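K.L.:
Each chain is listed here by its residues.
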Amino acid sequence: MPDYAAIAASLTTPEGFLAATDEKGVFGVKKQAKAALDTWNEAESRYVGAYRGFTAPGGKGTGFVIRTYWDPTRITPDLDAIALAAQTALPVAMTQADEKITWKARNNKQASFFIWQIGHQQALSAWFQERFGVSACVTQLFDRADLHQDVAVVATRGGVDRLWSFTARN
Amino acid sequence: MASEPTSPPRGRRLGRMLWGAAGWMLTAIGVVAILVLAGDASVGGATRTVVAVAAVLAVATPAAVGVAYRLLRARNRRIESRADSSPLSDRAVRAQTLLGSAALRLGADRAVDVGPTVLGDHVRISESTVRGVAPTELLGFLWVTRPSQPEDFPRSPEFAGLPEAVQDVIVLLDLRREVELRGAAAARAATSGFYHHDAERTAAAVRRSGNPRLRAEFFARTPRTETLLAALDDPMTWDGALHA
Numbered sequence: 001m002p003d004y005a006a007i008a009a010s011l012t013t014p015e016g017f018l019a020a021t022d023e024k025g026v027f028g029v030k031k032q033a034k035a036a037l038d039t040w041n042e043a044e045s046r047y048v049g050a051y052r053g054f055t056a057p058g059g060k061g062t063g064f065v066i067r068t069y070w071d072p073t074r075i076t077p078d079l080d081a082i083a084l085a086a087q088t089a090l091p092v093a094m095t096q097a098d099e100k101i102t103w104k105a106r107n108n109k110q111a112s113f114f115i116w117q118i119g120h121q122q123a124l125s126a127w128f129q130e131r132f133g134v135s136a137c138v139t140q141l142f143d144r145a146d147l148h149q150d151v152a153v154v155a156t157r158g159g160v161d162r163l164w165s166f167t168a169r170n
Numbered sequence: 001m002a003s004e005p006t007s008p009p010r011g012r013r014l015g016r017m018l019w020g021a022a023g024w025m026l027t028a029i030g031v032v033a034i035l036v037l038a039g040d041a042s043v044g045g046a047t048r049t050v051v052a053v054a055a056v057l058a059v060a061t062p063a064a065v066g067v068a069y070r071l072l073r074a075r076n077r078r079i080e081s082r083a084d085s086s087p088l089s090d091r092a093v094r095a096q097t098l099l100g101s102a103a104l105r106l107g108a109d110r111a112v113d114v115g116p117t118v119l120g121d122h123v124r125i126s127e128s129t130v131r132g133v134a135p136t137e138l139l140g141f142l143w144v145t146r147p148s149q150p151e152d153f154p155r156s157p158e159f160a161g162l163p164e165a166v167q168d169v170i171v172l173l174d175l176r177r178e179v180e181l182r183g184a185a186a187a188r189a190a191t192s193g194f195y196h197h198d199a200e201r202t203a204a205a206v207r208r209s210g211n212p213r214l215r216a217e218f219f220a221r222t223p224r225t226e227t228l229l230a231a232l233d234d235p236m237t238w239d240g241a242l243h244a
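If you read the sequences in order, they're chains A and B. The opening residue of the first sequence carries number 1 in the working numbering; numbering runs sequentially from there. The opening residue of the second sequence carries number 1 in the working numbering; numbering runs sequentially from there.
Next up, chain A with everything else stripped away, as it sits in the complex (with noise of 0.2 Å):
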């Protein structure tokens, strides 16, 4: 398990935000590493957790990817029943609604870092918290990375998360 308490320490200057970044060489990261600290800074609440994707039916092309996120410190989902879960019982015409709804909520400024921005009241998300403690979103299927990458950042405010996640070097 990655060590989340070290990483959220790291997280104290652009420097520390460009080092864990999985898109290193990105035209314009830099800059948006000093925007991503800011946002850090400003959040209501925040943590660094875990993230895990799961693939979902109903999608074209490459596929659609539930992107959950949860404060290990407080939950231990049950990854299996998610994925199951996923498989069966998620409607779909909620997941293609919410990757809707996620793609126009992005914030394209920020790639790199705090790309996804989920309000806490989307349908999907209150879907996942209520039969596991989670947090989801669905996009579209950019990289398989998008399936194990395994570290969350999450900061809040106004009741919108902006998830950054990235795979743990150790």
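Be aware that a few hints might be false.
Stated by the list, open to error - Which bits of chain B does chain A cover? Going by a derived footprint, with three or more residues having C-beta under 8 Å, they are: (1) 138-151; (2) 196-202.
As the list claims (entries may be wrong) - Ranges of calculated distance between the beta carbons of each label pair, as one might list FRET restraints: (3) B:Ala28 <-> A:Arg74: 28 to 36 Å; (4) A:Lys60 <-> B:Leu26: 24 to 32 Å; (5) A:Arg144 <-> B:Gly15: 20 to 28 Å; (6) A:Arg157 <-> B:Thr136: 43 to 51 Å.
Don't read these hints as lab results, they were simulated from the structure. In this text, all values refer to a predicted model and were calculated from it rather than measured experimentally. Built from N, CA and C at the ideal position, the CB exists for glycine as well.
Since chain A is already given, all that's left is putting chain B on it; use the hints.
P.N.:
Same frame as chain A, now just chain B:
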């Protein structure tokens, strides 16, 4: 770290490749047969008939199996949802499972949409599915599949049709989840929620469990979340219900 978490074992991959190769070969033989027949006038009528029948069967069988599965499943559901009826026969349950996996194997999806339904049937909790689960695996099965049940599962005929002991296990597993998600006090005071059962129903299941520490903590004036979770995780809680 970069390993594929979902790649199947090598034996199964090889098996799937062989199946795929066999399918391609059969297709190729069929195409060659049709070409030869079309070009050669000396081939007899009997041979032509055999090839024509085989072609029609290859096209129609998957769809027919898919439809048969759908019909049988609807029938089984109807019988099971009647409160007064006797449990489904083993034969009906086996036939449904068999048709379901046959439909998946034959790729009936292209004609009739069966994929999610067959998967969903594997994870449904009801008298007929629980019957086939070994006692040692029942707890794990119920734990993993419970979140995939419909919203009103605690009030559904499926739940009502389960043996009392299995109902107790589900109620206690739901209590376990509710306590972890909301905390002990909120879980006991709750009146709604995905994992919520009537207060009396939960109390009855706790009373019947073989764990005095669970009873003590659950009925305490101010139950503590940590202690209640520890008591629920104690194997003693489940022994009584699972080996009844």
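K.L.:
Which numbered conditions among the earlier hints are violated in the structure presented, ordered from lowest to highest?
P.N.:
Hints 2, 3 not satisfied by this model.
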